[in-house]
Amino acid sequence: MVEIQNLTKYYGNKAALKGISFTIKENEVLGFLGPNGAGKSTTLNIMAGVIPATGGSVKIQGYDIAQQPVKAKRCIGFLPEIPPVYPDMKVREYLNFAAGLKGIPAAKRKGEVERVMERLKITDVQKRLIRNLSKGYKQRVGFAMAILGDPPVLILDEPTVGLDPTQLMEVRNLILDLRRNHAIILSSHILGEISAVCDRIVIINHGEIKADDTIERLEEADDSGLVVKLKVQGSSREVPKVARSVDGVVRVDNIQFVQTGVYTYDVELENDGVRNALLSALLQHGLEVLEISTEKKNLEQVFVKLVNQKTKHSSLEDLLQEMDDEAAQEPAAQPAEDKPAANAPAEDAAGTDGKKED
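Numbering (my numbering), first residue to last: 6 to 363.
To be clear, the hints were calculated from the coordinates, so they are not data collected in a lab. Where a beta carbon is used, it is the ideal one built from N, C-alpha and C, also for glycine. Honestly, I wouldn't trust all of these hints.
Said to hold, decoys possible - Distance windows between CB atoms, simulated:
no.: 1; residue 1: Ile297; residue 2: Glu221; range: 17 to 25 Å
no.: 2; residue 1: Lys132; residue 2: Asp182; range: 22 to 30 Å
no.: 3; residue 1: Lys115; residue 2: Glu221; range: 42 to 50 Å
Stated by the list, open to error - Derived pair list, reagent style SDA-like, types lysine to any residue, alpha-carbon separation capped at 25 Å:
no.: 4; residue 1: Lys126; residue 2: Pro89
no.: 5; residue 1: Lys64; residue 2: Lys215
no.: 6; residue 1: Lys236; residue 2: Val267
no.: 7; residue 1: Lys64; residue 2: Asn32
no.: 8; residue 1: Lys215; residue 2: Tyr91
no.: 9; residue 1: Lys30; residue 2: Pro74
no.: 10; residue 1: Lys64; residue 2: Asn11
no.: 11; residue 1: Lys107; residue 2: Cys80
no.: 12; residue 1: Lys115; residue 2: Leu179
no.: 13; residue 1: Lys107; residue 2: Tyr91
no.: 14; residue 1: Lys30; residue 2: Lys76
no.: 15; residue 1: Lys140; residue 2: Arg120
Starting from the given sequences, assemble the full structure and let the hints guide the process.
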């Protein structure tokens, strides 16, 4: 469905993308995950034909977005982070206008507009001005625009930004419904949304792919920083002391009372090989281990580790804050100094206005 090979993008001497490659399969929802400034929106804008790449290729249904832009764009439904809706148009009026831009024949536009309005449950607001709609309804109108013409590939850039919990659930259910007929790439830095709807994730940082796999495999692939939960009969002072004396034990915390003489402990190990040494040490000191279980590494821990190799953060919130601070301090990129694209298109179809650099 979608094939990206060695994609690069430069703004002057600054590399926004450094030769990234990945694919999207039919009926797959791919989560495109990364902090602000990682290259997410740059990649999606190149995929949608909004901006040219410096090098590499993007193929949609076999059509190269640079060499065959008209055919490639007919296969794409693109929803930018800010939906390109016209606030002074009514919903039906806007969708009819968008259908014309997409080349849908006049005789078929009415039926197609009604189809997408019904699919997105916005028929009841079809005569209202878009400016008077809630954020959730505006997002629905944006989705309706994206699926006009039933394109096989949907590109969604931060589709849940600014939505309340109810609207988030509606968008989540919508994406799960759309996957039956479309291949979808979903850009976000909200890990909960990625976990809820995506079959596979690609993690990008500083223009480089850090991971490409299913969530389950990413969570299970690395045993470093392993946390085990122990239920031990014995002194709540002695157990942490003995555990901390074992080489490879990083920390002992979250001590919880169970019953007289029995407590649970969270013990972080450098790797799974430390587990046996820990159990042996506890037994040698007469401390009976009643239960032991492994705490599954979650997507947040995987994300923090993969995008944060040089500094140490204990949470995703800390990491994203630092990334945002760094991005705010960097000088604005100058698109006018962009290096000539080796595969710049000779022709182009009508695209979405408003270039945005991630």
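Taking the hints in turn, this is what the structure says about them:
1. The beta-carbon spacing between Ile297 and Glu221, approximately 22 Å, falls within the hinted interval of 17 to 25 Å.
2. Lys132 and Asp182 have their C-beta atoms about 25 Å apart, which keeps the hinted 22 to 30 Å range intact.
3. Evaluation of the 42 to 50 Å hint for Lys115 and Glu221 yields a pass: the beta carbon distance comes to about 45 Å.
4. Pair hint Lys126 plus Pro89 holds up; C-alpha atoms about 19 Å apart against a cutoff of 25 Å.
5. A distance of roughly 22 Å separates the Cα atoms of Lys64 and Lys215; the hinted pair therefore holds under the 25 Å criterion.
6. Taken as a hint, the Lys236 and Val267 pair is honoured in the structure, with Cα atoms around 7 Å apart against an allowance of 25 Å.
7. Pair hint Lys64 plus Asn32 holds up; C-alpha atoms about 17 Å apart against a cutoff of 25 Å.
8. Annotation: proposed proximity of Lys215 to Tyr91 is violated, straight-line Cα distance about 37 Å (limit 25 Å).
9. Taking the CA atoms of Lys30 and Pro74, the gap is near 20 Å; set against the 25 Å cutoff, the hint holds.
10. For the hint linking Lys64 to Asn11, the alpha-carbon distance of about 12 Å falls within 25 Å, and the restraint holds.
11. Proximity of Lys107 to Cys80 is assessed by CA-CA distance (about 10 Å); at most 25 Å being required, the pair is judged to hold.
12. Among the hinted pairs, Lys115 with Leu179 is consistent with the structure: their alpha-carbon atoms are about 22 Å apart, no more than 25 Å.
13. About 16 Å separates the Cα atoms of Lys107 and Tyr91, which keeps this hinted pair within 25 Å; it holds.
14. Restraint check for Lys30 and Lys76: satisfied, since their Cα atoms lie roughly 19 Å apart, inside the 25 Å limit.
15. For the hint pairing Lys140 with Arg120, the CA-to-CA distance comes to about 22 Å; that is within 25 Å, so the pair holds.
In terms of the numbered hints stated before, the structure departs from hint 8 and from no other.
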